[in-house]
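Visitor: The residues making up each chain are set out below.
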Amino acid sequence: MKLEKELNDMVTACAQCFYCRVCPAFQTLKWESVSPRGRVYMLKGLLKKKIKLEPQLVEDFYKCTTCGACEEQCQTALKLVELWEAARHEFVKEGLAPLAVHKKLRELAQKTDNPYGEPKEKREEWIKGYKYEDKAEIMYFAGCTGSFRAVELAKNTVDLFNKAGLKFAYAGKDEYCCGSPFLRTGQRDLAYELFKKNYNEWKKRGVKTIVSSCAGCYRTILIDYPKIAKELGLEWNFEVMHTSQLVNKLIKEGKITPQKLTAKVTYHDPCHLGRHTKVYEEPREVIKAIGAELVEMERNRGESFCCGSGGGVKSQFKDLAGAIGKNRIEEAKETGAEYLISCCPFCKYHLKQMAEEQGIPIKVVDLVEVVNNLAVKGEYKGNDIRCA
Amino acid sequence: MAEEVKEIPKSEWALQRYLYTRDISSAPVINLLLKQVDVIYQPRDEKEVIEVLRIAEKEGATVVPRGAGTSGYGGVLPPKDIALFRLSKRKTIMIDFTRMDNFEIDEEKQIVACSPGAVWWDIEKELNKKDLTLRVYPTSAPSSTVAGWIAQNGYGVGSLKYGGIADNVEKIRVVDFNGVREIEGKDLKYYVGMEGITGLITKAWVKVKEMEDMKYYGFHVSAKEANKIVFAGEHYAGLFLDAGYVKLKNEAFGTEMPEKDVLMIATTEKLDGDESLGEEIWEKRFYPMRVRRLGPGLVAAENVLPAESIPAYLNRLNKMIKKPHGSEIWYSKGKKGAVLTFIPSDERKFIGYTMTWLNSIRALKTAKRMRGVPYSTGFYLSSEAKLLLGSDYAELREFKRQVDPKNQLNPGKVFPTGALPLAMRIAQKVIP
Chain A
148 MKLEKELNDM
158 VTACAQCFYC
168 RVCPAFQTLK
178 WESVSPRGRV
188 YMLKGLLKKK
198 IKLEPQLVED
208 FYKCTTCGAC
218 EEQCQTALKL
228 VELWEAARHE
238 FVKEGLAPLA
248 VHKKLRELAQ
258 KTDNPYGEPK
268 EKREEWIKGY
278 KYEDKAEIMY
288 FAGCTGSFRA
298 VELAKNTVDL
308 FNKAGLKFAY
318 AGKDEYCCGS
328 PFLRTGQRDL
338 AYELFKKNYN
348 EWKKRGVKTI
358 VSSCAGCYRT
368 ILIDYPKIAK
378 ELGLEWNFEV
388 MHTSQLVNKL
398 IKEGKITPQK
408 LTAKVTYHDP
418 CHLGRHTKVY
428 EEPREVIKAI
438 GAELVEMERN
448 RGESFCCGSG
458 GGVKSQFKDL
468 AGAIGKNRIE
478 EAKETGAEYL
488 ISCCPFCKYH
498 LKQMAEEQGI
508 PIKVVDLVEV
518 VNNLAVKGEY
528 KGNDIRCA
Chain B
42 MAEEVKEIPK
52 SEWALQRYLY
62 TRDISSAPVI
72 NLLLKQVDVI
82 YQPRDEKEVI
92 EVLRIAEKEG
102 ATVVPRGAGT
112 SGYGGVLPPK
122 DIALFRLSKR
132 KTIMIDFTRM
142 DNFEIDEEKQ
152 IVACSPGAVW
162 WDIEKELNKK
172 DLTLRVYPTS
182 APSSTVAGWI
192 AQNGYGVGSL
202 KYGGIADNVE
212 KIRVVDFNGV
222 REIEGKDLKY
232 YVGMEGITGL
242 ITKAWVKVKE
252 MEDMKYYGFH
262 VSAKEANKIV
272 FAGEHYAGLF
282 LDAGYVKLKN
292 EAFGTEMPEK
302 DVLMIATTEK
312 LDGDESLGEE
322 IWEKRFYPMR
332 VRRLGPGLVA
342 AENVLPAESI
352 PAYLNRLNKM
362 IKKPHGSEIW
372 YSKGKKGAVL
382 TFIPSDERKF
392 IGYTMTWLNS
402 IRALKTAKRM
412 RGVPYSTGFY
422 LSSEAKLLLG
432 SDYAELREFK
442 RQVDPKNQLN
452 PGKVFPTGAL
462 PLAMRIAQKV
472 IP
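Here the protein sequences come in this chain order: A and B. When you line the first sequence up against this note's numbering, it's residues 148 to 535, in that order. When you line the second sequence up against this note's numbering, it's residues 42 to 473, in that order.
Everything labelled a hint here was simulated from the structure, so no lab data went into it. One or more of the hints may lead you astray.
Lysine-lysine pairs mimicking DSS-like chemistry, simulated, CA-CA at most 27 angstroms apart [claimed, not checked]:
#: 1; chain 1: A; residue 1: Lys177; chain 2: B; residue 2: Lys390
#: 2; chain 1: B; residue 1: Lys250; chain 2: A; residue 2: Lys411
#: 3; chain 1: B; residue 1: Lys132; chain 2: A; residue 2: Lys177
#: 4; chain 1: A; residue 1: Lys191; chain 2: B; residue 2: Lys390
#: 5; chain 1: B; residue 1: Lys170; chain 2: A; residue 2: Lys480
#: 6; chain 1: A; residue 1: Lys149; chain 2: B; residue 2: Lys390
#: 7; chain 1: A; residue 1: Lys152; chain 2: B; residue 2: Lys288
#: 8; chain 1: A; residue 1: Lys425; chain 2: B; residue 2: Lys166
#: 9; chain 1: A; residue 1: Lys411; chain 2: B; residue 2: Lys248
#: 10; chain 1: B; residue 1: Lys171; chain 2: B; residue 2: Lys130
#: 11; chain 1: B; residue 1: Lys248; chain 2: B; residue 2: Lys325
#: 12; chain 1: A; residue 1: Lys199; chain 2: B; residue 2: Lys51
#: 13; chain 1: B; residue 1: Lys325; chain 2: A; residue 2: Lys425
#: 14; chain 1: A; residue 1: Lys197; chain 2: B; residue 2: Lys51
#: 15; chain 1: B; residue 1: Lys390; chain 2: A; residue 2: Lys226
On the chain B side, residues computed to face chain A include the following (Cβ under 7 angstroms) [as the list claims (entries may be wrong)]:
#: 16; residue: Pro183
#: 17; residue: Arg333
#: 18; residue: Arg389
#: 19; residue: Gly393
To be clear about the criterion: a stretch of chain A counts as covered by chain B if any three or more of its residues have a C-beta under 8 angstroms from a C-beta of chain B, and this derived list gives those stretches [what the hints assert, rightly or not]:
#: 20; stretch: 164-170
#: 21; stretch: 174-181
#: 22; stretch: 198-204
Don't be surprised by glycine CBs; every beta carbon is placed ideally from N, CA and C.
Whole structure, please, built from the sequences with the hints as guidance.
Guide: Here's what the structure looks like:
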C-alpha cells in the first residue's frame with residue numbers, strides 16, 4: 148500500500164498520545180483497532196509491511212463515522228479525516244473495500260443517481276406546490292435524503308424561502324447525489340462522476356450560490372468539490388451556504404420574522420457542519436433569534452459527540468451507530484430540553500430513532516422546520532409540518 | 042468459573058496484539074528485544090482482574106498492565122522473556138484497564154477514588170463542577186490514566202507546589218497472585234513508580250483541592266534567572282521553555298512568540314509578569330509533542346535535575362546536540378526540574394534517526410554528571426534503577442522477589458534484567 152507524501156508524513160508525525168480517545172467508535176467499542184491512533188498505527192504497519200492488509204483490518208478501519216473529533220484533539224494537528232478517506236480509497240484500490248452495504252449503495256447510485264435507489268422521477272415530487280425557478284443565481288440543493296427520506300426538511304426549507312420572497316432555482320430530477328457517501332467510503336470515482344453532473348447543471352443554470360439543508364452535502368460541496376474541480380481542471384467560483392447560515396442572514400435582514408418559541412431547546416452540532424466546516428454560531432444565533440432558551444449539552448461545538456450515523460457507519464454497522472446515538476441522546480436528555488434541534492437530516496433521523504428506542508420524550512427537529520413553522524403560525528408544536 | 046472467564050472482553054487477534062504492543066516511544070534497534078503480547082484482556086472490575094491473574098498463574102504466563110500507553114519508557118512493552126540464556130516460552134497476557142475508568146469524588150474529604158483506567162482530564166472536568174481541582178496532573182492529562190501515572194511516579198503540572206503523584210496519593214488498592222491489599226503511608230513506595238511489577242493497582246485515592254483564582258505570568262528570563270522566580274514564592278506551577286524550543290514551537294504551531302528563553306508561572310500571587318504570554322504558554326501545556334510534525338518524528342530525552350544544575354545542563358545540551366532542538370522544564374518541589382528535550386528527526390530514515398537517538402543517551406550521561414536522574418526506568422532505562430531508587434533499591438528488589446517469585450508481573454521493568462541494561466551501560470561508556 149502507498150500513500151501520498153503528505154499523508155505518509157502524517158502517519159509518521161502521529162505522537163500516539165491518544166488525545167483522540169474521544170472517538171465515538173473507540174468510546175463505544177474500547178479496542179485500539181477502532182481508535183484513531185490505532186488506525187494510524189495500522190497504516191504505519193502497512194506502509195512498513197509489518198502487517199498484512201486483511202479484510203478484518205479493513206472492516207475495523209471502517210468503524211469510524213469520520214466525525215473529526217480525533218482531529219479536533221490531535222496533539223500534532225493532523226488532518227485525520229483526510230487520512231481516513233485516503234486510506235479507504237487505497238483499500239478500494241486493493242480490492243478489500245467497499246464493504247458489502249457500501250457496495251450496494253454504489254450499485255444503486257450508479258443506476259439511479261441516489262444511494263436510496265429511488266427512481267429519478269421521484270426526486271422532484273416533494274416540491275409540487277412551491278414556487279421556484281429553473282434558473283437563478285441561488286440554487287437550492289435538496290440532496291438525496293431531503294428528496295426521498297426527509298422531505299419535510301426540503302418542504303420547510305423552500306416554504307420558508309417562498310415566505311422570504313427569495314428567488315431560487317431547483318434542478319428537480321436533474322439534481323444528483325453530491326457523492327458524499329462515496330467520498331467517505333473511499334469510492335472516489337463515482338463521486339467524481341456525480342460531481343461532474345451537478346457541476347454541469349449548475350453552470351448551465353447560471354448558479355452563483357448553492358444552498359444545502361443537508362450538512363453532509365454542504366461539507367461535500369464546500370470542501371470536496373473545489374478540490375475535485377481543481378483536479379479536473381475546472382473553474383470553481385460558487386459560493387456555498389448551509390440553510391442555517393442563509394436563515395440567519397434572512398432573519399438579520401428582516402426578511403423572516405418568526406414568532407417566539409417559548410421552550411427549552413438544546414442543539415446538536417452535526418459533525419459535517421461543525422467540526423468539518425466550522426459553522427457553530429449561526430444555528431445558535433437563529434435559536435436565540437426565535438427566543439428559545441438554549442441549553443448546551445456538555446459536549447458542544449468542536450467537542451460535540453457524533454450522532455453515530457456518518458461515514459457509512461449507520462448503513463454498515465447499525466449496532467455501533469445505535470450505541471453512539473444512544474449516548475448522544477442521553478446527553479441531550481440531561482439538559483432537560485424539550486427540543487433537540489439539529490441541522491442535518493441524517494443526524495435528525497438517527498437521533499429521533501434513538502430517542503424513540505430509548506423512550507426519551509425529547510422532540511428531535513431540524514432548525515428550518517422550527518423557524519418555518521414559527522413563521523407560519525406563531526407557534527410550534529413539534530410533530531406536524533405546516534407548510535403552505 | 043470457566044464461563045465467567047469467557048465473559049471478560051479479550052482479543053487474541055494478531056492485529057490487535059500488534060496494536061497493543063507499543064507505547065509512544067519509537068526506539069530504533071531496541072525493538073528487536075521485544076515480543077508481541079499473546080492476548081489482551083479488558084477487565085471491567087477488580088474481580089475480573091483477579092480472574093485474569095488466576096489464568097496467568099495457571100498458565101505460567103507473564104502479565105503486562107496497560108493504562109493508555111502514553112509513556113515512552115517501554116513500561117507497557119513486553120520484552121522477549123529470556124531464561125537461562127534461551128528464549129522462554131512463557132505466554133504474555135496484557136491487562137488493558139480501559140474499561141475500568143470510573144471514579145468517585147468525596148467533596149468533604151477532598152479525595153477522588155479512581156479506578157485504574159480513569160483519565161486525568163475526565164476527573165478534572167468533574168471536579169471543576171464541584172469547585173474542586175486536581176493538585177497535580179501529567180501534561181498528557183487528556184488521555185493518560187491514574188494508575189499509569191502512579192505506576193511511573195510522575196511529575197507534572199502542580200508539582201512545584203504539591204510534589205509528584207507519590208505525594209498526592211492517599212491510598213491504593215492492589216492485586217497480586219496472593220489477593221488484594223490496601224496500601225498507604227510509607228508502604229506506597231512498594232508500588233508507586235514500580236510499573237506494576239509488584240502488583241496491579243485497581244483503585245487509587247487521590248488528593249484534590251479547592252479551585253483557586255489562578256493567574257499565569259510570562260517572563261523572558263534565562264534558566265538561571267528562572268530559578269530565582271520559580272522558587273521565590275508558593276507558586277502552583279512553573280514551566281520554562283528555552284529559546285530553541287520556542288523556535289520549534291513557533292514552527293509547529295505557526296505562532297510568533299519571541300524566540301528567546303521564557304518562563305511561565307501559574308500562581309495565586311500577583312507577579313510582575315506578562316499575563317498574555319503566560320496564558321498562551323499555559324493553554325498549550327498539553328501539546329509538547331506538536332513539534333513532532335517537524336521531523337516527522339521525534340527523539341526525546343527526559344531527566345530530572347537539581348534546579349541549580351539546569352542552566353549548565355541546557356548549555357551542555359546546546360553544545361552537544363547539532364540538530365535543531367529545544368527543552369521544556371516543569372519545576373517541582375524540592376528545587377528540582379524535569380527537563381524534557383526534543384529533537385525532531387525523520388523516523389523513517391534509520392541511520393539519521395538512530396544517530397539522533399544517541400543524543401538521548403548523551404543527555405542522560407550529562408544529567409547524571411550533574412546529579413540528575415532519568416525521569417523513569419520503565420523498560421529502556423532499567424539500567425538506572427539503582428540511581429533512581431537510591432537507598433530503597435535492595436529492599437524493593439527483595440519485595441519484588443517475595444510477592445512475585447516467578448517474575449510474572451511485568452518482567453523486565455524497573456530492575457535490570459536481560460541484555461538491554463548491559464547494552465545501555467556499555468552505550469553510556471562508549472558514546473562520547
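Visitor: Would you say the stretch 174-181 of chain A counts as covered by chain B, given the rule of at least 3 residues with C-beta under 8 angstroms?
Guide: holds (count 4)
Visitor: Could you grab the alpha-carbon distance between Lys177 of chain A and Lys390 of chain B and see if it respects the 27 angstroms cut-off?
Guide: It is violated: about 33 angstroms lies between the C-alpha atoms, which goes past 27 angstroms.
Visitor: Regarding the pair Lys325 of chain B and Lys425 of chain A, is the alpha-carbon distance no greater than 27 angstroms?
Guide: holds, 21 angstroms
Visitor: Against the 27 angstroms threshold, does the CA-CA distance of Lys199 of chain A and Lys51 of chain B hold or violate the hint?
Guide: holds, 22 angstroms
Visitor: Holds or violated: Lys149 of chain A with Lys390 of chain B, Cα cutoff 27 angstroms?
Guide: Given that 27 angstroms is the threshold and the Cα spacing comes to 17 angstroms, the pair holds.
Visitor: Hint check: is the beta carbon of Arg333 of chain B less than 7 angstroms from a beta carbon of chain A?
Guide: holds, 5 angstroms
Visitor: Below or equal to 27 angstroms on CA atoms is what counts here, so check Lys411 of chain A against Lys248 of chain B.
Guide: violated, 38 angstroms
Visitor: CA of Lys250 of chain B to CA of Lys411 of chain A, is that 27 angstroms or under?
Guide: Between Lys250 of chain B and Lys411 of chain A the Cα gap is close to 35 angstroms, so the pair fails against 27 angstroms, i.e. violated.
Visitor: Starting from Lys170 of chain B, check that the Cα of Lys480 of chain A is at most 27 angstroms away, please.
Guide: It holds: about 19 angstroms lies between the C-alpha atoms, which stays within 27 angstroms.
Visitor: Hint validation: Gly393 of chain B versus chain A, beta carbon distance must be below 7 angstroms. Holds or violated?
Guide: The hint is violated - Gly393 of chain B has no Cβ within 7 angstroms of chain A, the shortest such distance being about 13 angstroms.
Visitor: Per the CB criterion, is Arg389 of chain B less than 7 angstroms away from chain A?
Guide: holds, 6 angstroms
Visitor: Between the alpha carbons of Lys171 of chain B and Lys130 of chain B, is the straight-line distance 27 angstroms or under?
Guide: This hinted pair is violated, its Cα atoms lying about 51 angstroms apart.
The structure fails hints 1, 2, 9, 10, 19 (numbered hints given earlier, in ascending order).
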